[in-house]
Structure formats: C-alpha cells, structure tokens
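Novice: So you can see what is in the structure, the chains are spelled out below.
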Amino acid sequence: MARITLEQIRHSYLSAPSGDADWALKQIDLEWADGGAYALLGPSGCGKTTLLNIISGLVRPSRGQVRFDGADVTGLDPVDRHVAQVFQFPVIYDTMTVHGNLAFPLRNRAMPPDAVDARVREVAGMLDLQDKLSRRASRLTADEKQKISLGRGLVRSDVNVIMFDEPLTVIDPHMKWVLRSKLKELHREFGVTMIYVTHDQTEALTFADTVVVMYDGAVVQVGTPVELFERPRHTFVGHFIGSPGMNVLPCTVDGAEAVFDGVPIPIAGDDDSDSDDAGSGPARAARVARPRLSPSGAGGTSGLELGVRPEFVCFSDDGFAVEVTKVDDVGRYRIVDIRRGSHLMKMVVGENDTIPSENPRIRFDPAHTRVYADGWLVAPREAER
Amino acid sequence: MSTRTVNHRAWWLVAPVVVLVAFNALIPMMTVVNYSFQETFGDNVFFFEGFKWYEQVLTSERFHASFVRQIIFTGVILAIEIPLGVAIALTMPRRGPWVSVCLVLMALPLLIPWNVVGAMWNIFALPEIGLLGRTVNAMGIAYNFTQDPASAWITTVVMDVWHWTSLVVLLAYAGLCSIPDAYYQAAKIDGASAWAVFRHIELPKMKRVLTIAILLRFMDSFMIYTEPFVLTGGGPGNTTTFLSIDLVKAALGQFDLGPAAAMSLVYFLIVLLVCYVFFTAVMRGEER
Chain C
1 MARITLEQIR
11 HSYLSAPSGD
21 ADWALKQIDL
31 EWADGGAYAL
41 LGPSGCGKTT
51 LLNIISGLVR
61 PSRGQVRFDG
71 ADVTGLDPVD
81 RHVAQVFQFP
91 VIYDTMTVHG
101 NLAFPLRNRA
111 MPPDAVDARV
121 REVAGMLDLQ
131 DKLSRRASRL
141 TADEKQKISL
151 GRGLVRSDVN
161 VIMFDEPLTV
171 IDPHMKWVLR
181 SKLKELHREF
191 GVTMIYVTHD
201 QTEALTFADT
211 VVVMYDGAVV
221 QVGTPVELFE
231 RPRHTFVGHF
241 IGSPGMNVLP
251 CTVDGAEAVF
261 DGVPIPIAGD
271 DDSDSDDAGS
281 GPARAARVAR
291 PRLSPSGAGG
301 TSGLELGVRP
311 EFVCFSDDGF
321 AVEVTKVDDV
331 GRYRIVDIRR
341 GSHLMKMVVG
351 ENDTIPSENP
361 RIRFDPAHTR
371 VYADGWLVAP
381 REAER
Chain X
386 MSTRTVNHRA
396 WWLVAPVVVL
406 VAFNALIPMM
416 TVVNYSFQET
426 FGDNVFFFEG
436 FKWYEQVLTS
446 ERFHASFVRQ
456 IIFTGVILAI
466 EIPLGVAIAL
476 TMPRRGPWVS
486 VCLVLMALPL
496 LIPWNVVGAM
506 WNIFALPEIG
516 LLGRTVNAMG
526 IAYNFTQDPA
536 SAWITTVVMD
546 VWHWTSLVVL
556 LAYAGLCSIP
566 DAYYQAAKID
576 GASAWAVFRH
586 IELPKMKRVL
596 TIAILLRFMD
606 SFMIYTEPFV
616 LTGGGPGNTT
626 TFLSIDLVKA
636 ALGQFDLGPA
646 AAMSLVYFLI
656 VLLVCYVFFT
666 AVMRGEER
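Quick note, the sequences are listed as chains C and X, same order.
Each step along the first sequence adds one to the number in this note's numbering, with nothing skipped, and position 230 is 230.
Just add 385 to wherever you are in the second sequence, counting from 1, and you've got this note's numbering.
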C-alpha cells in the first residue's frame with residue numbers, strides 16, 4: 001500500500017520531442033491517496049494508458065518522478081514496484097490451469113508451495129473461481145479470464161496499487177455490471193488503491209470516488225463525480241461528462257452578469273458552503289496548473305463562453321425567447337433541442353412538465369451557469385480542496 | 386420446421402471440382418496402383434501379379450536400408466532446424482528498420498531453386514577446389530564428401546539446414562509477432578523470468594505455426610530428392626540413397642515398373658500415416 005505521487009511527469013515517445021504535439025503527456029502533477037478508488041477518464045489517445053504504464057513502470061517517463069510513499073521509484077522495474085495491472089484483453093497463461101495462473105506471480109517470487117496454495121485458494125474464493133481451479137485457463141469465458149488477471153494481482157499481499165486498463169472492453173454487457181460490483185466489493189474489503197482507466201463515463205462515475213479527467217495529454221480536472229457534473233473546470237469536462245453534454249455558448253461579461261446574444265444572464269455563486277473559499281486569492285488560483293490545450297476538439301475555443309448543463313435549463317415566462325426544433329422522448333425525461341438564432345442548445349424536460357407550444361421562453365439556473373475563458377472556468381471561482 | 390426439399394442437384398455444382406481432382410490426382414494415382422499389381426516385359430503386355438511386388442518391397446533389404454536412412458535424416462534435420470529456427474526467430478527484432486533486412490536475408494535461401502542449392506554446395510564443398518572443402522581440409526580434418534560417408538552425410542544435413550531453417554524462422558517469427566504486448570507487460574508485472582516468458586507465453590503462442598513447420602519440414606525432407614541427387618547422387622555407395630532416390634533408381638534406372646509402383650504407394654502411405662498421426666495428436670492436445 002502506498003501513496004503515489006507523480007511529479008512533473010512529461011512523456012514523449014519520440015527521442016527528440018520539439019513541439020507541444022510531440023508530447024504524449026504534457027505535464028502531470030498528481031497525488032493518488034492510499035486506498036482510493038480512482039477513475040482515469042478521457043477520450044481515446046489522450047494519454048491515459050501512457051500515464052498508467054508510467055505508474056506501473058512499463059514506461060519510463062521522459063521527465064519527472066514517480067514516488068511511492070515519497071520514495072523515488074522512477075528507475076524501478078514493475079516487479080520491484082509491487083503493482084498489478086489488468087489489461088484491456090485478458091492475459092492468460094494458456095499452458096496453465098486456473099490454479100497455476102493465480103500461483104504464477106507467487107512462484108516467481110519463490111514463495112513456499114504450501115503458502116502459495118493457501119493464498120491461491122483464498123483469492124479464488126473471493127473471485128468465485130474456487131470450483132474452476134483445476135480447469136485449463138484457456139477454456140474459460142472472457143469475464144472469468146479477466147477475473148484471473150485480477151486475481152494474479154490480488155494474490156500478492158504486498159501490492160501497492162491495482163490498475164485496470166479498460167478491463168471490461170471484451171465483457172458481455174450483463175457481466176460488466178457484475179464485475180464492476182465485484183471490483184467495488186474487493187476495494188471495500190482490501191482498501192487497496194485502484195486506478196481504473198476508461199473512456200466510458202458511466203464506468204468511471206459508478207466505480208470511482210475520485211475521477212481524473214484527461215484531455216490531450218493533460219489532466220483537466222480531478223474531482224468527485226458530483227463535482228465534475230456540477231462544476232466542470234473546463235468546457236471539455238462539460239461536454240465529455242453528462243448526456244447530453246453541457247451547452248457552451250459565446251458570451252460577453254458585463255459586471256456580474258454574462259450577456260448572451262443580447263440577453264443578460266445572471267450568474268450566482270454556488271449554494272454549497274465550500275464555494276465560499278473558492279478563488280479566495282490569486283495566489284491560490286495561480287497554483288492550478290492550466291495546461292494549454294490544442295484548439296481542435298471541444299475545448300480551447302478562444303474568448304468567453306457560457307456553460308450550462310441541459311438539466312439546468314427550464315421553460316420560464318420571464319426568460320428569453322427560443323425556438324423548439326426537436327423533442328426526443330428517452331423515457332423518464334425528454335431531451336429538447338432548441339435554438340436562438342444560430343445558437344443551438346439542448347435542455348432536459350421532465351416527463352410531466354409541459355413544453356409550451358407557442359412562444360417558448362427559457363431561463364438558465366443562475367447557480368449552475370458558468371463562464372469559461374479559453375475553455376477554462378473563470379466564474380464563479382471553483383472550490384479547491 | 387417447414388417442408389424440406391431433398392434433391393441431389395447440388396452435386397452438379399461440385400462436379401467440375403470432382404473432374405479436376407480426378408484428372409490431376411486420382412487418375413495418375415490409379416495408373417500407379419495398376420502398375421503395382423502387374424508385371425510387364427514391354428510391348429504394352431501386362432500380367433496380373435497380385436501382391437507380389439508389395440511383398441517384395443516390404444521384405445527387401447534395400448528398401449529397409451533406405452527407409453532407415455530416410456528416418457535418420459528426417460529426424461536429424463528436424464532436431465536441428467526446429468530449435469535453431471525458433472532460436473533465430475527469438476533474436477530477430479520485432480519492430481524498426483532492421484525487420485525488413487532480417488526478413489529478406491531469411492527469405493533468400495528459400496528463393497534458390499533446389500537443384501541450384503545442390504550444385505552450389507557441391508562446388509562449395511569439393512575438397513580440391515571448393516572454399517568449404519579446402520578450408521576444412523586445410524584445418525587438418527579429413528573431409529571428402531564424394532568418398533567418405535560421414536562427410537557426405539554431414540554435408541547433406543548442413544545443406545538442408547542452410548536451405549530450410551529459414552522457413553522455420555519465418556513461421557516462428559510470424560507466431561511471435563502475433564503475441565500482443567500486454568502478455569509481455571503482464572509477465573513483467575508478474576515477475577516472470579525470461580525462461581518463463583518463453584515457456585508460458587512464446588512457446589504456446591507459436592504452437593500452431595510450429596506444428597505446421599514440423600509437418601512441412603517432415604514431408605519435404607521425407608521426400609527429399611533433388612539436392613542430395615545433385616550433391617552426392619546417393620553415394621558414396623548407397624550411403625545417402627534416400628527413399629526418393631532409391632525409387633527413381635528402381636523405376637527409371639532399372640525400369641522395374643511394378644516394384645517401383647508398389648514402392649511409391651508404400652512410401653505415399655507412410656507419409657500420409659505419419660502426418661495424420663502427428664496432426665491428430667497435436668489437435669487432441671489442443672482440445673484438452
């Protein structure tokens with residue numbers, strides 16, 4: 001068990017990186033608390049797997065240090081870091097039985113056979129594999145194989161962190177849910193740090209206590225699922241988390257109000273008490289790393305933008321006029337496409353709420369309306385912990 | 386189930402293939418079967434002889450001797466080429482600019498016609514003028530493949546290893562390249578030794594291609610003709626007379642059509658039997 005610290009990690013797969021685009025990881029400073037359940041969330045190619053491999057030691061970072069409980073392990077091999085990793089596709093030693101697979105890491109560490117057997121049976125019991133121990137591992141189903149991969153990490157009592165690299169990719173949908181619950185259960189039971197890499201927000205938000213969102217080789221936000229939903233630090237997080245994603249509209253700022261398309265939009269701080277200390281000083285705000293993001297994609301459009309989630313848009317007679325273009329009934333609520341001039345927005349309307357047929361007007365919830373500059377949240381100031 | 390129409394019209398669709406196979410395999414083979422039961426003294430006059438030639442072949446000292454030579458030769462080259470091929474494949478780079486260089490170098494011997502290989506090694510190994518022959522003799526080792534059976538055997542084996550190890554290398558390399566990186570990464574995390582990686586990851590993943598390599602090398606070496614024919618002509622004496630060479634000597638040299646046909650069929654059945662046994666054994670191992 002260990003606290004894992006990443007200090008100024010930069011990585012490039014090229015031998016002589018020159019431009020910003022050559023860096024797979026631009027600059028990462030992160031601390032993973034001992035015993036946390038983390039999700040590392042981001043689109044394909046954002047550097048999640050690279051970061052994971054740097055923690056496990058499969059990849060040496062070009063710059064920066066990896067520390068386990070303060071001790072520098074940057075130069076150590078995976079085997080000496082005592083980590084476990086479960087890969088996207090199940091890795092099984094075909095020649096061995098399930099028992100042999102689970103025992104493999106212990107035998108490689110020259111543990112006495114009696115102790116190996118006892119430990120393997122214990123772990124097999126936790127993973128519901130006890131009656132399959134003598135089966136050939138290659139004959140099992142994909143989810144059982146993934147359990148074995150996980151089991152090879154769990155058998156080692158000295159393991160510092162278990163990392164999962166999109167482990168449910170090849171698992172049947174109904175088994176995904178079962179396996180995810182099993183992971184949560186094991187996390188509660190063992191308290192071992194778990195880092196779960198995924199590009200699926202549902203997986204990330206249901207598994208993790210803390211979600212680390214990555215985009216284009218940088219960490220854009222670290223927070224609880226609720227924080228990511230209610231207070232996205234970057235428009236990318238707003239787009240990426242939530243379905244449908246956050247509405248992002250061009251705006252200007254006039255005093256305490258934002259102005260969108262000639263309409264003044266009130267912005268209030270959060271009701272939560274923790275937002276009081278938010279942005280309590282320029283020194284604090286300056287500490288937050290603001291990696292530059294490429295102008296392509298969701299984030300990084302220059303200028304000021306207004307962000308409001310579809311959940312916080314409602315019909316209101318004292319709002320501004322819009323036009324309803326489409327209504328999607330998705331069951332418990334409806335997703336309504338609206339437009340004002342050339343600006344397209346989405347809003348979520350409850351089952352029992354009515355959609356006005358004539359002259360619809362809407363308003364944004366001031367407590368959940370944010371202003372972003374160059375993609376980054378500027379108002380109201382976010383709470384930092 | 387609804388009504389099911391049964392008719393045999395589909396047979397017409399496979400008829401062209403049946404005809405083709407009949408012409409290029411069945412009919413030629415049946416003529417051999419035909420010869421193997423008959424005796425002729427020329428003028429297209431044949432007498433039925435029953436199993437006489439089969440009995441003669443199976444009890445003949447000469448056939449036994451070439452059969453044993455053949456088994457030893459095939460066993461020796463398999464024992465050398467398979468491990469050597471795997472070893473070379475393991476040392477080849479998996480990515481980078483050297484991959485294509487290695488692949489071309491490996492493919493070169495396979496592109497040379499068989500009789501040219503025989504001729505090359507013949508000249509290369511000649512004790513008076515060949516580079517190899519002169520060098521070995523100059524080192525004080527008596528070496529003359531045209532007169533000394535041991536020299537002839539070693540030369541034949543080395544020539545085959547030089548010619549065909551590449552095939553094993555390429556197949557094994559293809560098997561190695563198909564192993565996802567995650568296996569090596571998992572092995573690193575599990576603390577596996579280099580031997581354990583070979584034993585539990587690389588060897589099992591190469592099993593299928595190695596099965597094919599062994600089968601191909603078995604069949605090819607069991608039927609080897611051209612290279613030893615050009616190199617040694619089956620000599621000195623009969624020491625490198627393998628089954629094919631013996632067969633040709635019988636069929637063409639002595640024009641004993643009947644015994645040669647019987648021998649061909651025995652030979653064919655042996656190859657078929659060994660391949661079948663080997664293949665089923667491997668497949669059964671896979672299902673376990």
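Some hints here could point you the wrong way.
[What the hints assert, rightly or not] Some residues of chain X that are not near chain C, with every Cβ distance over 10 Å (derived):
hint: 1; residue: 546
hint: 2; residue: 574
hint: 3; residue: 641
[Stated by the list, open to error] Straight line, CA to CA, 27 Å or less: simulated DSS-like cross-link-like pairs of lysine-lysine:
hint: 4; chain 1: C; residue 1: 132; chain 2: C; residue 2: 176
hint: 5; chain 1: C; residue 1: 132; chain 2: C; residue 2: 182
hint: 6; chain 1: X; residue 1: 437; chain 2: X; residue 2: 573
hint: 7; chain 1: X; residue 1: 573; chain 2: C; residue 2: 132
hint: 8; chain 1: X; residue 1: 592; chain 2: X; residue 2: 573
hint: 9; chain 1: X; residue 1: 634; chain 2: C; residue 2: 132
hint: 10; chain 1: C; residue 1: 132; chain 2: X; residue 2: 592
hint: 11; chain 1: C; residue 1: 132; chain 2: C; residue 2: 184
hint: 12; chain 1: C; residue 1: 182; chain 2: X; residue 2: 573
hint: 13; chain 1: X; residue 1: 590; chain 2: X; residue 2: 573
hint: 14; chain 1: C; residue 1: 326; chain 2: C; residue 2: 346
Because the hints were derived from the structure by calculation, they are not lab data.
Even for Gly, the Cβ is constructed at its ideal location relative to N, Cα and C.
Novice: Next, verify each hint and record whether it holds.
Specialist: How the hints compare with the structure:
Every beta carbon of chain C lies more than 10 Å from that of residue 546 (chain X), the smallest distance being close to 29 Å; the non-interface claim holds. The Cβ of residue 574 (chain X) does not lie farther than 10 Å from every Cβ of chain C; its closest approach is about 5 Å, which violates its non-interface assignment. Against the 10 Å criterion, residue 641 (chain X) stays outside the reach of chain C, whose nearest CB is about 51 Å from its own CB. Straight-line distance between C-alpha atoms of residue 132 (chain C) and residue 176 (chain C) comes to about 20 Å, which keeps the hinted pair within the 27 Å bound.
Using a Cα cut-off of 27 Å, the hinted pair residue 132 (chain C) and residue 182 (chain C) holds, with the two alpha carbons roughly 18 Å apart. At most 27 Å may separate the alpha-carbon atoms for a hinted pair to count; residue 437 (chain X) and residue 573 (chain X) exceed this at roughly 65 Å. Of the pairs offered as hints, the one joining residue 573 (chain X) and residue 132 (chain C) holds, with about 26 Å between alpha carbons and a cut-off of 27 Å not exceeded. This hinted pair checks out: residue 592 (chain X) and residue 573 (chain X) have alpha carbons roughly 22 Å apart, not beyond 27 Å.
Between residue 634 (chain X) and residue 132 (chain C) the alpha-carbon distance is near 60 Å, which puts this suggested pair outside the 27 Å criterion. Pair hint residue 132 (chain C) plus residue 592 (chain X) holds up; C-alpha atoms about 25 Å apart against a cutoff of 27 Å. Restraint check: the Cα-Cα separation between residue 132 (chain C) and residue 184 (chain C) comes to about 23 Å, which is no more than 27 Å; the hinted pair holds. Between the alpha carbons of residue 182 (chain C) and residue 573 (chain X) the distance comes to roughly 26 Å, so the proposed pair stays at or under 27 Å and holds.
For the proposed pair residue 590 (chain X) and residue 573 (chain X), the alpha carbon gap of about 17 Å is at most 27 Å, so the pair holds. Our distance criterion of 27 Å between C-alpha atoms is met by residue 326 (chain C) and residue 346 (chain C), whose separation comes to about 9 Å.
Of the hints listed earlier, those the structure fails to meet are numbers 2, 6 and 9, in rising order.
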